[in-house]
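Let's have the full structure, built from the sequences with the hints guiding it.
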Amino acid sequence: MKEEKIRQLTVISGKGGTGKSSIIAALASNLQDKIILADADVDAADLYLIFEPVKTVSFDFEGLKKAKIDLNLCTECGICLETCRFDSISDDFIVNPTKCEGCAACYHMCPVSAIEMLDNISGQYYISDTRIGKMIHARLYPGEESSGLLVAEVRKVAKQTAEEQGRKLVLIDGSPGIGCPVVSSLVGADLALVVTEPTLSGYHDLDRILQLLKIFKIPGYIIINQFDINEDISQKIEKEFQETFPIIEKIPYNPIFVEAMIEKKSVLEIDSEDKEVQKVKNLLIKLSNFVLEKTELDN
Amino acid sequence: MQITIVSGKGGTGKTSLAVSLAMTLENVQLLDADVDEPNCSLFLDLNTKLVAEAKIPIPEINYDLCTLCGACSSNCEYNALMKVPDQILVFEKMCHGCGLCSKICPENAITEVPRTIGHLYEGKNEDFLFNFGALIVGEELSTPVISQLKQLISKDKPIIVIDSPPGSSCPMVETVIDSDYVILVSEPTPFGLSDMKMVVKTLRILEKKFGVVINKDGVGNKELELYCQKEEIPVLLKIPFNLEIARNYSEGIPFLNVLPGMDSELKQMIVDIREALQ
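Chains as they are written, first to last, in this note's numbering: chain P, 1 to 299; chain A, 1 to 278.
Just to be clear, a hint being listed does not mean it is correct.
[What the hints assert, rightly or not] Within a straight-line C-alpha distance of at most 20 Å, the following computed PhoX-like cross-link-like pairs (lysine-lysine) qualify: (1) Lys222(A) / Lys197(A); (2) Lys217(P) / Lys267(A); (3) Lys209(A) / Lys230(A); (4) Lys250(P) / Lys239(P); (5) Lys236(P) / Lys250(P); (6) Lys209(A) / Lys267(A); (7) Lys279(P) / Lys250(P); (8) Lys55(A) / Lys99(P); (9) Lys99(P) / Lys230(A); (10) Lys99(P) / Lys208(A); (11) Lys286(P) / Lys275(P); (12) Lys264(P) / Lys55(P); (13) Lys294(P) / Lys250(P); (14) Lys168(P) / Lys156(P); (15) Lys230(A) / Lys197(A); (16) Lys49(A) / Lys124(A); (17) Lys168(P) / Lys5(P); (18) Lys265(P) / Lys222(A); (19) Lys99(P) / Lys201(A); (20) Lys209(A) / Lys99(P); (21) Lys93(A) / Lys214(P); (22) Lys275(P) / Lys250(P); (23) Lys197(A) / Lys238(A); (24) Lys264(P) / Lys124(A); (25) Lys264(P) / Lys222(A); (26) Lys150(A) / Lys55(A); (27) Lys5(P) / Lys294(P); (28) Lys294(P) / Lys214(P).
Derived by calculation from the structure, the hints in this document are not laboratory data.
Here it is in structure tokens:
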């Protein structure tokens with residue numbers, strides 16, 4: 001038997017609130033027997049609201065360590081204060097854990113060894129059962145950092161789970177922005193779907209996220225959500241980016257996206273006679289067929 | 001007074017609110033700290049110019065002195081240095097600029113050189129001062145760009161409005177940490193509420209005073225308002241949803257210029273916030 005590589009597809013958006021999670025939920029519910037779903041938007045993980053996962057395995061996520069000063073040993077020499085670049089030590093030698101980036105410079109420089117670096121559980125990640133199969137998701141604790149590392153853990157477990165379950169595709173819900181969690185959700189992905197909206201902000205953020213895809217040499221395909229909110233900008237997006245990043249779908253504005261969310265369903269799981277809703281559903285089915293084709297899975 | 005606008009979920013109207021609020025105030029500084037995707041300038045008719053670069057110090061190894069002992073690479077918490085048989089590799093994008101390697105090198109073979117990771121801009125119009133930061137595409141560390149942007153906060157402005165990155169992790173924490181008051185913008189949908197709860201937890205850890213603005217009021221359901229009631233979080237303002245607001249927004253026109261009476265509602269909101277801070 002030919003060994004088949006597991007494909008990884010990341011859905012990103014640059015700008016938040018463009019409908020990224022709703023669209024990946026629709027894809028996941030349609031392709032359920034072929035995929036493993038990974039919610040890598042660890043800072044604003046929302047797919048659990050649609051798929052109501054039941055946790056089967058939990059892992060602690062160890063973030064960067066945090067410094068702690070033993071005030072019984074501390075001679076208040078102030079070297080740690082001078083050393084810390086993150087302004088995380090107060091004048092009375094208390095470490096602010098939300099500011100500490102775990103670099104351990106203070107620990108190494110303290111002349112009386114009054115500083116310890118403590119392990120820090122900064123989140124959890126889970127393998128869960130859902131009605132569409134296994135889902136990997138995570139919670140970064142409030143105010144924590146190193147979300148990029150947590151994204152990497154989620155992806156690693158998702159890939160392992162795909163291997164165990166004989167699934168050929170990992171669908172990854174990425175974070176908004178272009179910073180560390182986004183980079184971490186893209187590294188090594190086979191392709192990216194970019195969900196944008198026809199607004200000046202959407203256009204501007206799309207431009208930046210596409211530059212990032214170019215840097216990582218990841219093929220990307222654009223979906224314009226709510227394209228009819230501003231058809232001029234939709235056209236501008238098509239004209240500007242079509243050549244390098246094909247526009248594969250334009251989805252009209254429809255309240256069904258919010259209604260589905262409230263019913264804890266993906267849009268494709270909603271029964272509706274409404275013609276406009278049918279139209280949206282057909283576009284989403286077309287989109288999932290496109291994903292199958294591009295990831296070379298059997299239809 | 002520093003007021004920061006945060007959101008949890010992206011796309012809830014954080015930028016529109018920050019711009020609208022700043023435009024109703026006199027002698028104000030608006031700071032766009034959403035350095036991954038800075039969008040405030042799209043809503044402002046303002047020429048901006050580059051005023052500074054955001055940099056972090058990264059190690060440079062002097063091989064005349066380096067003995068390849070590996071003290072730097074084995075102690076770097078970010079895996080930004082790696083010892084190979086004939087040199088020390090520096091992965092500059094992994095480096096947080098903490099300076100540990102240069103301090104512990106027994107041969108003093110490491111000096112720090114600045115590396116640009118972002119750009120800081122400024123625009124002015126009469127008594128309105130605007131600054132924003134932009135992370136260079138391909139760079140990962142948003143937080144140092146934000147902290148260097150915050151150094152541009154003017155001491156002469158009585159009120160500073162800051163647009164934060166979405167989410168509740170380190171970039172958002174860095175943005176709100178010195179704020180006097182935080183406005184949490186959310187939308188009344190299940191995703192909006194879920195992401196907002198994370199922000200509420202973070203703000204409580206940081207011991208910040210905050211209130212909620214409900215944007216796109218009318219979409220979704222009442223859960224968000226019920227949550228605010230239960231948690232005794234003040235609802236400062238509700239902004240209705242309609243397609244006209246959405247269309248104007250798409251052209252870079254904030255709701256302030258679309259909804260009649262919004263100017264006085266925003267001014268009243270500031271009065272309420274001042275009272276809450278008394």
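A quick look at each hint next to the structure:
1. Lys222(A) / Lys197(A): With Cα atoms ~15 Å apart, Lys222(A) and Lys197(A) stay inside 20 Å; holds.
2. Lys217(P) / Lys267(A): 48 Å, violated
3. Lys209(A) / Lys230(A): Distance ~17 Å between Lys209(A) and Lys230(A) Cα, so the pair holds.
4. Lys250(P) / Lys239(P): 14 Å, holds
5. Lys236(P) / Lys250(P): 13 Å, holds
6. Lys209(A) / Lys267(A): Between Lys209(A) and Lys267(A) the Cα gap is close to 19 Å, so the pair holds against 20 Å.
7. Lys279(P) / Lys250(P): Judged against 20 Å, a Cα distance of about 11 Å means the pair holds.
8. Lys55(A) / Lys99(P): 19 Å, holds
9. Lys99(P) / Lys230(A): 30 Å, violated
10. Lys99(P) / Lys208(A): Roughly 15 Å between the alpha carbons, so the hint for Lys99(P) and Lys208(A) holds.
11. Lys286(P) / Lys275(P): 16 Å, holds
12. Lys264(P) / Lys55(P): The hint holds at about 17 Å.
13. Lys294(P) / Lys250(P): Measuring from Cα to Cα gives roughly 18 Å; hence the hint holds.
14. Lys168(P) / Lys156(P): Cα-Cα ~14 Å, so holds.
15. Lys230(A) / Lys197(A): 12 Å, holds
16. Lys49(A) / Lys124(A): With a Cα-Cα distance of about 10 Å, the restraint between Lys49(A) and Lys124(A) holds, given a limit of 20 Å.
17. Lys168(P) / Lys5(P): Holds - the C-alpha atoms of Lys5(P) and Lys168(P) are around 7 Å apart, at most 20 Å.
18. Lys265(P) / Lys222(A): 18 Å, holds
19. Lys99(P) / Lys201(A): 16 Å, holds
20. Lys209(A) / Lys99(P): 19 Å, holds
21. Lys93(A) / Lys214(P): Distance of about 17 Å is within 20 Å: holds.
22. Lys275(P) / Lys250(P): The given pair, whose Cα atoms are some 17 Å apart, holds under the 20 Å limit.
23. Lys197(A) / Lys238(A): Judged against 20 Å, a Cα distance of about 18 Å means the pair holds.
24. Lys264(P) / Lys124(A): 47 Å, violated
25. Lys264(P) / Lys222(A): Holds, at about 16 Å.
26. Lys150(A) / Lys55(A): Holds, at about 14 Å.
27. Lys5(P) / Lys294(P): 14 Å, holds
28. Lys294(P) / Lys214(P): 18 Å, holds
Consistency note: the structure conflicts with the earlier hints numbered 2, 9, 24.
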